[in-house]
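Hints given; two lone chains; assemble the complex.
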Amino acid sequence: MAGENNMGREIRHKGGAALVYRFIMYIVFGIITFLTIYPLLWLVLSSLKTTQAFQMDRLGLPNPIFLKNYPLAWKIGHFDILFSNSVFYTVTTTIAVLVFSFAASFAFAKIPSRFTGFLHGSFIIGILLTLQSIMVPLFLMTNAVGLYNTRLGILIPYIGIGLPMGIYLGTEYIKSIPDALIESARIEGAGYLRIFFSIIAPMTKPVAMTLAIISFTGIWNEFMLINILASKEAIKSLPVGILKFSGALATDYGKQFAALSIGMAPMLAFYALFHKQITQGVSAGAVKG
Amino acid sequence: MVWIMPSRWGIYVPIPTYTQRNGLLLAIGEKKEENVDCRHLTTGSSGLAGQARSQLNRMLAGRLRRARKISKLKNRFISLLYNRSTVFNFLIILVSVFGQIPIGFALAYILFRRIVRYEGFFQTMTYLPNTISTIVIGVMFQSFFSPYGAFTQLGKMIDPAFENTLMLNPNMAMIPVLLVILWMYTGYYMIIFLANMQKIDQSVIEACRIDGANEFQTLRYLILPALSGVIVTTAILAISGSLKSFDLIFAMTAGNPARRTSVLSLYMFDNAFRGAPDYPLANAISTFMVVLSFLLIIVVRAVEKRFGGRE
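Protein sequence lines, in the order shown, are assigned to chains A and B.
According to the numbering used here, the first sequence is numbered sequentially starting from 1.
According to the numbering used here, the second sequence is numbered sequentially starting from 1001.
Calculated directly from the structure, the hints in this document are not laboratory data.
Possibly wrong hints are sitting among the right ones.
Derived DEER-like restraints, expressed as beta-carbon distance ranges [stated by the list, open to error]:
| no. | chain 1 | residue 1 | chain 2 | residue 2 | range |
| --- | --- | --- | --- | --- | --- |
| 1 | A | Pro206 | B | Asn1171 | 49 to 57 Å |
| 2 | A | Tyr26 | B | Met1157 | 22 to 30 Å |
| 3 | A | Pro137 | B | Arg1117 | 32 to 40 Å |
| 4 | B | Leu1179 | A | Ile127 | 24 to 32 Å |
| 5 | A | Ala18 | B | Glu1119 | 47 to 55 Å |
| 6 | B | Arg1117 | A | Met141 | 51 to 59 Å |
| 7 | B | Phe1121 | A | Val87 | 27 to 35 Å |
| 8 | B | Arg1117 | A | Gly60 | 47 to 55 Å |
| 9 | B | Leu1179 | A | Asp179 | 48 to 56 Å |
| 10 | A | Val145 | B | Asn1171 | 40 to 48 Å |
| 11 | A | Gly126 | B | Tyr1148 | 41 to 49 Å |
| 12 | B | Gln1202 | A | Ala18 | 38 to 46 Å |
| 13 | B | Tyr1148 | A | Leu268 | 23 to 31 Å |
| 14 | B | Leu1179 | A | Val145 | 39 to 47 Å |
Derived list of chain B stretches under chain A, where covered just means 3 residues or more per stretch with a C-beta under 8 Å from a C-beta of chain A [said to hold, decoys possible]:
| no. | segment |
| --- | --- |
| 15 | 1161 to 1172 |
| 16 | 1273 to 1285 |
Since we're looking at a predicted model, the values are computed, not measured.
The C-beta atom is built at its ideal place from N, Cα and C for all residues, glycine as well.
The shape of chain B in the complex, shown without the other chains (with noise of 0.2 Å):
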């Protein structure tokens, strides 16, 4: 178990720890080092009496100063792990590597086995939320989801009682924004697959056909064991594209309600760029952030070693 403490210099050490609470934990420091005044407790300085009384006035003013410190770091510790926005940025995650991956997989098979023509169309599609700025794609869909957006009259047509809550209820403002992370993304994924598909060679794929080995053995033994380290490398960007979603977020809802959409990015900026800045939590958010990413790195590497790579 970890815990990261600021030292004198604002520098965070991870102090290995165990709370049986809070599970894993880490914790922050106090914001920067506060200079208690001590000129108030000297009353004298001249004649020797003075000098000996100012001198035992430094060393309690000294030790004063320790334990206000040592108290302050006691006092502000905050779980990045059991934190929303780590939550909710787990959750962009799943989807991610869960969704957006295979859903881009099939897609890009679908097109390389040229089950459906007009490939460069549908190609083109798939793509183009990639290429607007995302700031647009979160304002548009705050308007769209919002109450009095497009989405209520959709949903209106169906049942004419329907009220839309999405973007106002804490539980519900996760899924929208998991659609529209969902929408944006696939595109990118299915192009990278089809790129990677388009490398292997027909000739072989033919071959595999005329020994007799129906779509579903071609797919299995062929087309998934060629692209295991794509499979991998998209893994990897997934994740680390999520771990560092923003703008997306920070346009369409801002974090709410309720903190419910924060993910660490945003929470890092909240404290860094709003209101009284925190650096310190700021710089220890990023730290776990790089931290987090590279762990899931070596999860998805271990997890290809264990089963992937049968070339």
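With the rest of the complex left out, here is chain A (with noise of 0.2 Å):
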């Protein structure tokens, strides 16, 4: 491909002058820093600046600071409401789809019966699914039985589209513990749920903590799915509610910038908390492929 061509040249360089070289990698990677870095830098400082201000100048440092965006598009932006559903529908949908998830991967992995084969296919098929492709069907039927505008009629498509890739997920980690395990406790006396609750479920730690963070940062961050199957305020989440800065209020820059900032801030503080698991899980989550 067009990157191996590059690579071999910049390499071949090597050999005569390896510092020079390293030099201008490390100039590669701090532009790429800063060209990451310099729009949020931009939005955060124009934040800061009156709508006049900032029309006046759009690059500068802001001078005098002003923080009366902040709360101004707090409250145009009903942003109380919008945190809160949004936490809502994110540690539901995650909690859910770990409980169902794992519970199905056991059963796939541990209880063995003539529908195993079948059922764990139908789920896994899921993962090539698009949402695009069943938009249409899932906003009529949630209109047919009544959940359209509901938290409900949110919540189950959002814990159905997590589900496949955690029951992949989790049977393969499940088929790793050893049969030996279940069979000793079962000779003890354990049931299926004493089985899952006391020796599964802590033993999956690992995939788990990366399931999380692949639904944690998918609900967060969802946008379609909601558009179409929420339009009252009440129950909107993050991304919906911002999206109503660059329609309507697009002229109000100070605004504008003011509510971009406050939906950026939890997602990276979240990613500055757990940037190596979510990394992890990311690579992970696309080995699925």
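Okay, structure coming up:
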């Protein structure tokens, strides 16, 4: 591919002047870091200006610093509602996906039956399913059963979308737990529920962490589905609410940038805390392809 | 050549056809079955004459109804392959496969070979845009590139006569969108490549170097073959991801100006959820998307069989 040729050219230079070469690589990464940071920094700096000050100077530092954009944007955007909704959807979905998919995985991995292959396959095929291809039917069905504009009507598809990946990762992991452990628990007199909660659940911690992070970041940033399933202000989530600042309020730059900064902050904090686990989760989730 | 035609129940049936002017078409028929009101045709119902007349009228009405349906089907053909959304979607796929993946690979390789230190920091920075909501990014760059945004002032610093019409000019608006897509997702592929490079046994690489292979040969004959499977996986992820792209473009341009930055999923969304709903058309577009992504994945697999996988 294109990258191969570039790499080759760069690396052949190395023999003579390793230091210069290393220096160039540092500059490349410096530029990439700058390009990543600059738009975000510009956003935060611009949110500290009044709209008039922004229109006068769109690049410079805010002088004086104007903090009022934040409370105003918070109030106009109903961020208290948006935040509590987003937390509710994300946490509920993550917990439900973890519990349901590991319970199903336990059955698929350790309780063989005639239908295991078929049932497992019918879940796994969901990984290939694109959200677009089920959007219209899902919308019509949600309407037909009267779940349009309700929290439940948003949670059920969210959980359903999370399950295939969860069951895939869970089954692969639980299969690697030795049967002898479960056998000995059975002999001691433990039922399936007891085995699941006392033996399987504590052992699946690493894969649960990966799955929780995939689900958490996915649902927190999810937009397409909730945009069509929710029109009531009271049940919207953060991404849908923020979009309001690009339409009617697009010319009020100060508040728009403040709203975007508010919307960006939780995920940046989450990333700062869990960046190791997130990058691990990404590479684990990508292997599915 | 395939046309897709609706059957009576709104199910789309692919019909192989060939047209010289339009090439491959995906044709869309009527929105829904329209019932022709035939009550006004019956004038009387009593007596033998009345019965015969009503029977005749029913027959006529049936024929009329069929005739109208056929004429409707003939009138509503929409090409999905020559659609602007498809064209732009293909551009996004090209940028993803031939932009994000090579750049991601190169960056991952630089970090993997320890040419640059502070690996953790640079990895975190490159992946950072992926974690932020695409809606936030879309709205942010809409303001950034707009005539009233920072880009205008940056341009004016270089050339005082600079006029920023990047987001208004139908021929130019694709560029910022593609740049943002490149900006956002390159780190994702870098992380995948880096994680898989770290699985390669370091002692094998060292053995290679001791045997006299230079940096380029190590890359060409050891690392690339070992990662050919991962490259295929990322290409598939890039293709299916590009076909799915929606949020970013919805927030950044909403497909404008002049539908030049529209993608298939946005086209589908507009038909299903904006204005009068046209669900059959929307469903046909999403079917088209699924078929397209399967076809492209088959192509990628074929390319891999032909050129790659020498382990």
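Verification of the supplied hints:
Between Pro206 (chain A) and Asn1171 (chain B) the Cβ separation comes to about 50 Å, which falls inside the hinted range of 49 to 57 Å. Roughly 26 Å separates the CB atoms of Tyr26 (chain A) and Met1157 (chain B), a value that falls within the hinted 22 to 30 Å. Taking the beta carbon of each, Pro137 (chain A) and Arg1117 (chain B) are about 52 Å apart, not inside 32 to 40 Å as hinted. Taken as a hint, the range 24 to 32 Å holds for the pair Leu1179 (chain B) and Ile127 (chain A), whose Cβ atoms sit roughly 30 Å apart.
Taking the beta carbon of each, Ala18 (chain A) and Glu1119 (chain B) are about 18 Å apart, not inside 47 to 55 Å as hinted. A beta carbon spacing of about 54 Å between Arg1117 (chain B) and Met141 (chain A) agrees with the range 51 to 59 Å that was offered as a hint. Distance hint check: the CB atoms of Phe1121 (chain B) and Val87 (chain A) are about 30 Å apart, consistent with the given range 27 to 35 Å. A hinted range of 47 to 55 Å for the beta carbons of Arg1117 (chain B) and Gly60 (chain A) is inconsistent with their spacing of about 33 Å.
Between Leu1179 (chain B) and Asp179 (chain A) the beta carbon distance is about 53 Å. The supplied range of 48 to 56 Å therefore holds. Against the hinted window of 40 to 48 Å, the Cβ-Cβ separation of Val145 (chain A) and Asn1171 (chain B) comes to about 46 Å, which satisfies the hint. One distance hint, 41 to 49 Å for the beta-carbon pair Gly126 (chain A) and Tyr1148 (chain B), holds here, with the actual separation near 44 Å. The given range of 38 to 46 Å is broken by Gln1202 (chain B) and Ala18 (chain A), whose C-beta atoms sit roughly 20 Å from each other.
Judged by the Cβ atoms, the range 23 to 31 Å given for Tyr1148 (chain B) and Leu268 (chain A) holds: they are separated by roughly 26 Å. In this structure, Leu1179 (chain B) and Val145 (chain A) meet the distance hint of 39 to 47 Å, their C-beta atoms being roughly 43 Å apart. Using a Cβ-Cβ cut-off of 8 Å, 0 residues of the segment 1161 to 1172 of chain B lie near chain A, which falls short of the minimum of three, so the contact claim is violated. Only residues whose beta carbon comes within less than 8 Å of a beta carbon in chain A count, and the segment 1273 to 1285 of chain B has 4; three or more means the coverage holds.
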